[in-house]
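Trainee: These are the residues of each chain, in order.
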Amino acid sequence: MTKRPDYPPRDTAIMMRMVLIALIPGVVAMMMFFGPGVLFNLTAAILTAVSSEALCLGLRKREIQSRLIDLSAVLTGVLIALALPQAAPWWLVVAATASSVILGKHIYGGLGQNPVNPAMLGYALMLISAPVSMTTLWINPLATPDLAAAWSAFLGQASDAVTGATTLDLYKTEFRALTAIEAVRNPLFSQAHLGFIYGYEWVALAYFAGGVWLIYQRVITWHTPAGLLATLIVISAFFSFDPDTATPVWVHLIAGAGIFAAFFILTDPVSGATSPKGRLWFAIGVGVLTYLIRTYGQYPDAIAFAVLLMNFAAPMIDHYTRPRIMGREASVKGPGGQS
Amino acid sequence: MKEAFLTVSAGVLGLSVMGLVGGAFLQYASKAFKVDGNPLVDSIDALLPQTQCGQCGHPGCKPYAEAIAKGESINRCPPGGQETVDRLAALLGVDSLPLDADETTVEQDLVAVIIEEECIGCTKCIQACPVDAIIGAAKLMHTVIIDDCTGCDLCVDPCPVDCINMVPRPKAPDYWMPQRPNIISSDRFGQIGMQHG
Amino acid sequence: MAEYQIRRCERHLEGGIHPETHKQLSTTDPCVFVDDPKRLVFPIHFSGGGPGEALIAVGDTVSQGTPIIKCRSGIIHVASRAGTVVDITDHAITHPSARESESIIIEPNGLKEQSYLDPLVWPFDADTLRDRAIEAGILGLGGAGFPSFKKWSDGTQTLVINAAECEPYLTADDTLMRIDTHSMIRGACVLSQTLDIKTIVIGIEDNKPEALEAIENAIKESRSDCLFDIVLLDTKYPSGSERHLIWLTLGIEVPTGSRPVELGVIVHNPGTLAALSRAIDGKPITDRIVTLTGEALTTPRNVVAPIGTPISHLIKAADTNPASLTSITVGGPMMGYAVTELTAGITKTTNCLLAREVEIPPESPCIRCGACAAVCPVRLQPQQMIFSLKGGALDRAIHEGLTDCIECAACNAVCPSHIPLAEWFRLGRFEARDKANEQRLAAEARARFEARNVRLERIAQEQEAKRAARKAKTADALEKARKAREENA
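Residue numbers (the working numbering), protein chains in the order written: chain V, 1 to 339; chain E, 340 to 536; chain L, 537 to 1025.
Same shape as in the complex, but just chain V:
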């Protein structure tokens, strides 16, 4: 192992590449438990992202080549593909990715100008437009599909045998009627390797490993993931005094997109807060909103909405978390200025 670098990589494209590399363990784990469909989704998303990016750059009369090699479009595509249900049909992937890149990024002026996280915008848009597909096409990890089943799911004919809601969703909709003991007796848990939720724990662990590597390489800072995960743990632990009604801490942490979002979604620098303290507050905000929406909202997972809401709060967080400038008594507050 080489020594830890002192600074982030000195190039945007290298940063993006490292994030892509850090996602590889997660992708491999996904394929092990949720079948090869992930690969179809990834391919479709990357192709859509790159062609949408090229189209937008062309329409906006920008230089296409140099912007494409910065890999930001590829990264957006990969993130959205990993966020979507594993058995999502191709049109869902294409629509989500195209709206991510076009509506989430280019209508605001391209790289660096988007006010919200493009991947989460695309995801949320699909969640609203195609709620059934987005909530029922998750692969049941106990019935990992083979190549043929994955391909037919990609073509839009997913078999009910392999799909269902996510564990997090199940906990909210079906398990709530059961006691904690009954819920844990569900095969999803009883066949677990680690006694957790079958499949998801390894995927979460793989994402966690990739994320830690990114922190080590200084591509991201620890503040964002720590803020989100700590908030989720603290809040769900506080409310789990009644295990029969509350969703357990580890379900919150592992079954949803928690770990993935903590390291790869919230860390989008453009739409998040920029100071270390600001990042912490941003992540805490996402954590609180996620818990609230997961518990009281209509949607199974809430990270997308929580991130989008906090994206809009990011400029304000930035204004109020500026460090004290050397030589000044207090830190500069508020937007200020006349222009």
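Treat the hints as calculated values from the structure; they're not laboratory data. Certain hints may be false.
[What the hints assert, rightly or not] With beta-carbon atoms standing in for the labels, derived distance ranges:
#	chain 1	residue 1	chain 2	residue 2	range
1	L	D623	V	P276	53 to 61 Å
2	L	R976	V	S129	40 to 48 Å
3	V	S129	L	P791	36 to 44 Å
[As the list claims (entries may be wrong)] For lysine to any residue, the following SDA-like pairs were computed, each having C-alpha atoms within a straight-line distance of at most 25 Å:
#	chain 1	residue 1	chain 2	residue 2
4	L	K606	L	R666
5	L	K926	E	A429
6	L	K926	E	I454
Source: prediction; values computed, not measured. Glycine is no exception: its CB is placed at the ideal position from the N, C-alpha and C atoms.
Once you have looked at the hints, place chains E and L on chain V.
Mentor: Same frame as chain V, now just chains E and L:
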């Protein structure tokens, strides 16, 4: 009947008390938070360039600020340029207007200079100068204090011998302004190797 | 023997970067004197100390040390070699503005004629020393070129010698501290004794062991009774920034808008103090140490060169053909600026000529990664300020702390999008300065306008009062006359 009377009188009494308390508070607030002068006029005046040139049709910047506060158009200040109009629009929350001026008078930082050999010492320009930037006495040569001149050109017309010229404001000989980045031939942003460790 | 202590700095720079220093490039070969060039160039307005005026005319013969330029601040620049003034004309200058400016051109005649000042005899007071610094043209030789005498106020407690030299490639101060140590220590001691300064702090980065040893020896041999406090700093850029050095060595944070002098601290470059020492002996600044370095030079080294020597002549001392270079960075890679006209002469603030090939990667959009904020030693948020500046919102950038920026360019060094942040901030700071000036003038104009209105009103009232008085007097007289008439009748 009695109940109805009680209800009504309680309502009347309650509202009266609330009114009295509210009125007392307003009375107090009007004294405690009284602001001297007109803050809006001062804010407007702060944005005007203080050339006191009168091109807006008012005898100075403050009078124009007062007129704007009463609803006059914000685009009458040629020395301030479009920038001042935009700032006024932002301050007052109204739509910006194009500057009401000839192209030639806009955004030229000029100062008055007296051709001293031709000055007859009539003091007419001294009386015209709104900011006391001309010194001199009757029958003696006058001169403009360049640093104090706002370039309003009010002294030019009164001069009986036309010995006042408007010239671009002279810059200090060592004045300079960096070029906008990306144009400059600098390697200042070349790769700087980093020590890792 | 003067007393001294060496301590490691307990404070660490917040932010800042560890650039590759490349200092060994120019310290391997010994420092040498360069041959006198064929011509010397002295810009009248850009020699340091503000705009100036020529004290000599074309055709005059000057000796080494003859005053040739008097600046508005009083500072006098002298001819660095004996020779003839051949021209006073617009000429390329060593300055970031990259423009031509009125300059005095002197052709040295090779004679050793000197016209120096009389040596000062101890004891003398602070005013004498100030006058001497003005006559000898003593400026901050570290790069800023601020007239040194302006810092010397009564009530100064501490003198900090800025021996950090944190800028990569630069070794001019290091070299001076090795070969001219006694002058520096003497200058520091004389200044401290004149201004009644208690402590002399030397802030030096821990990558200069040779200089440190030389300083220790010189202090031991010094006969003054000054107290030296040598502070070893971590090698980190920009520990040599004035404000940061004061914080590192003394723990004092200089408030925004005030100068160290107001807190009883003055900071001087080692070269400035060495020059002061020579000025006391009557010798004005005629030469300085310049680092010639960079990968494009065959033998990078430090040289002692006459002020005004053209860059192209100096580069020859590094065994390099100047024609092969299109651009030279004056100063270091962080704070320096490019000069393409190599006929420009070096000035008192030219500490380094850096020649190297640099590849400038294309700028890409800011992704707000915050790497710049993490290294900003002033704790600014460059990613926010650049957003404001590029959008033309200067007010907002100022609100965000633009005027506190020290232009150290650490942000440039880490930006993954290769945005020239420091260049934008410099432009913004200049614009902010102009704007503040404009606002000051406007406020003064308003005050004069209002004062004039008050005066005109007062005069009108007085005249009115006089007229009323006259009228009353006349009426009175008429009344009296009428009464008298009536009585008579």
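Trainee: Go through the numbered hints given earlier and state which of them the structure violates, listing their numbers in rising order.
Mentor: Violated hints: 2, 3 and 6; rest satisfied.
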